[in-house]
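> Listed below, chain by chain, are the residues.
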Amino acid sequence: MKSRPICPRCESERTDTLTRSPVPGVWEVYHCEACFFAWRSTEPDFITDPAKYDPEFKLSREQLDQSSVMPAVPALLKR
Amino acid sequence: MAYQDLRTYLDTLSREGQLIRVMDAVLPEPDISAAACAVNKLGDKAPALLFENILGYTDARIAMNVHGSWRNHALMLCMPKDTPLKEQFHEFVRRYQTYPGTVEERGEAPWQEVQIDKDINLFDILPLFRLNHGDGGFYIDKSCIVSRDITDWDNSDAQNVGMYRLQVKGKNRIGIQPVPAHDIAIHLRKAEELGENLPVAICIGNDPLISTVAAMPILYHQSEYEMAGALAQEPYPVVKAQHTGLQVPWGSEIVLEGKILSRVREGEGPFGEFTGHYSGARQMPVVEITKVSHRSSPLFEHLYLGMPWTEIDYLMGVNTCAPLHVQLKEAFPEVQAVNALYTHGLVVIVSTKCRFGGFAKGVGMRVLTTPHGLGYAKVVIVVDETIDPFNLPQVMWAISTKFNPEFDLFTIPGLSVLPLDPASDPAGMTHKLVIDATTPVAPEKHGHYSQELSDPITTDAWVEKLRQLLPTA
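These protein sequence lines are chains A and B, in that order. Residue numbers for the first sequence follow numbering that gives the first Met the number 0, so the first one is 0 and each next one is one higher. Residue numbers for the second sequence follow numbering that gives the first Met the number 0, so the first one is 0 and each next one is one higher.
Some hints here could point you the wrong way.
[As the list claims (entries may be wrong)] Stretches of chain B that chain A covers, calculated by requiring three or more beta carbons in the stretch to come under 8 Å of a beta carbon on chain A:
id, segment
1, 22-29
2, 42-56
3, 112-124
4, 135-148
5, 174-184
[Claimed, not checked] Under 8 Å between C-beta atoms, here's a sample of chain A residues computed to sit facing chain B:
id, residue
6, Ile5
7, Pro21
8, Val25
9, Trp26
10, Arg39
11, Asp44
12, Thr47
13, Glu61
14, Leu63
15, Ser66
16, Val68
17, Leu75
Worth flagging that the hints you see were computed from the coordinates, not collected in a lab. Idealized CB from N, CA, C, for every residue including glycine.
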């Protein structure tokens, strides 16, 4: 069984293959269930390789969970 | 005759030499965004691009830079392609002031040809690709998103058509950015207060006018379709989408219907934005798509945005100037023209006659209190009526010579601005600046302006004469 790719952005292993090219065998798209990052197998290695991903754009799930909420969720009206 | 869909507009762009068809095979990344970034480096006469051979897809086509030059903008308005920008602006304002235009509801539309409501995979239907290297995923960034107030469903004036970025996160799952100042955020708040989902229709590949209106800061109770009818000067055709009951453009290529999930927020971004900076990541709402309809071989329309200028600066340029111009003129008929082309109006230049000392400063403050000014207009420059605000050398001359910081500059602290402004601190808050670069009039008196130069008396005639003597290209 093929192992799951590591997310280039948050380095989580909670990743999966999201889709494959309509023309078979050209590319695959992966996504990360932890940080919602998505990437394609044919992108440059500074996108696909966790070791080469731009450090300025690394983002963990913890950082995402602490990020601001926009727009804020309003209070429920009493019915 | 206005364009009722994207295809007929692209035909015109092609006839006018404003469309490049890219038949070579291209990789989704980085080719498409690199080419769309590059085309803006050709100057303000750049053509649109149509990619017809995308690796991995069978018959996908992607249209880029459709609005990306003043020529294309003129052709959208059915004006000659070399119409000067100021003339395009005044014609746009003239049509804007005929609001409301009429809306024609039709029974069926070409986009109803193919319908999918099971096993939806947006990646099979849309040739999605990453736009900028730091983006968190694959985005739809040029769609018209339709929503209504679920507590006032039959009020079509409160129906909204807006352009908001969408991050495709799953086969039928999309992150959406409803900025609180935008109308869709009002609809979402009302739905979420009741714990209800908000139905939405996402329309992709549209006639050029509705995209212009969707990116335009009009009032909450103004109808985008009636505004499109006014700008088209003919009835604007719409069709009711059966799944949601929302009115959508007759001419769309693809319509995605679904709902914003009530009270759900999820990580989104970053995305390279029109400010020339990434947005950062935030927790934003999520759309679940439950039905897809599209024309056969649909055109996927997308835009590149990055370091300005890019297509988005053309898309939300004149349409930002026009409402500001009209709103300012309601208070001050002396206003001549408004240039809000820069970063959606973070800088605004107003030319006006001045009736008395301090008048220009008052005009500047009115810019700050317009609905759009609340979220933009960080720097307002006011110039004399003799200055064309679209002519930056003239504006720079006015600042160079008419402006004295001792008398003509003031900042107002603690005002609102869009959170995407990277200079705002905290995000969404800023000081704002008004620069009065008009000639002082009584009782204001400073500087020495009694001997301003004028052109030699036969200059205008010589301009015409020399123009005729110019060698033709």
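> Hold the hint about A:Asp44 up to the distance rule: shortest CB distance to chain B must be less than 8 Å.
violated, 12 Å
> Would you check whether A:Val25 satisfies its interface hint, that is, whether its CB is within less than 8 Å of any CB in chain B?
Since chain B brings a Cβ to about 4 Å from A:Val25, closer than 8 Å, the hint holds.
> Can the hint on A:Ile5 be confirmed by a CB-to-CB distance to chain B that is less than 8 Å?
violated, 16 Å
> A:Leu63 was flagged as interface toward chain B. Is the shortest Cβ-Cβ separation under 8 Å?
A:Leu63 check passes; min Cβ-Cβ to chain B is 4 Å, inside 8 Å.
> Is the listed coverage of the segment 112-124 of chain B by chain A valid when you require three or more residues with a beta carbon under 8 Å from a beta carbon of that chain?
Answer holds; 3 residues pass the 8 Å Cβ test.
> Could you check if A:Glu61 really has its C-beta closer than 8 Å to a C-beta on chain B?
Result: violated, 11 Å to nearest chain B Cβ.
> Using the nearest Cβ pair, does A:Arg39 come within less than 8 Å of chain B?
holds, 6 Å
> Let me know if the C-beta of A:Trp26 comes in closer than 8 Å to any C-beta of chain B, holds or violated.
Because about 5 Å separates A:Trp26 from the closest Cβ in chain B, which is inside the 8 Å limit, the hint holds.
> Taking 8 Å as the limit, does the beta-carbon of A:Val68 come near enough to a beta-carbon in chain B?
It holds, given that the least Cβ distance between A:Val68 and chain B is near 5 Å, below 8 Å.
> Tell me whether the statement that chain A covers the segment 135-148 of chain B is true, taking a Cβ distance below 8 Å and needing three residues at minimum.
holds (count 3)
> Taking beta carbons only, do three or more residues of the segment 22-29 of chain B come closer than 8 Å to chain A?
As far as the segment 22-29 of chain B goes, the hint holds, because 4 residues have Cβ atoms under 8 Å from chain A.
> Just to be careful: measuring from the Cβ of A:Pro21 to every Cβ in chain B, is the smallest value less than 8 Å?
holds, 5 Å
The structure fails hints 6, 11, 12 and 13 (numbered hints given earlier, in ascending order).
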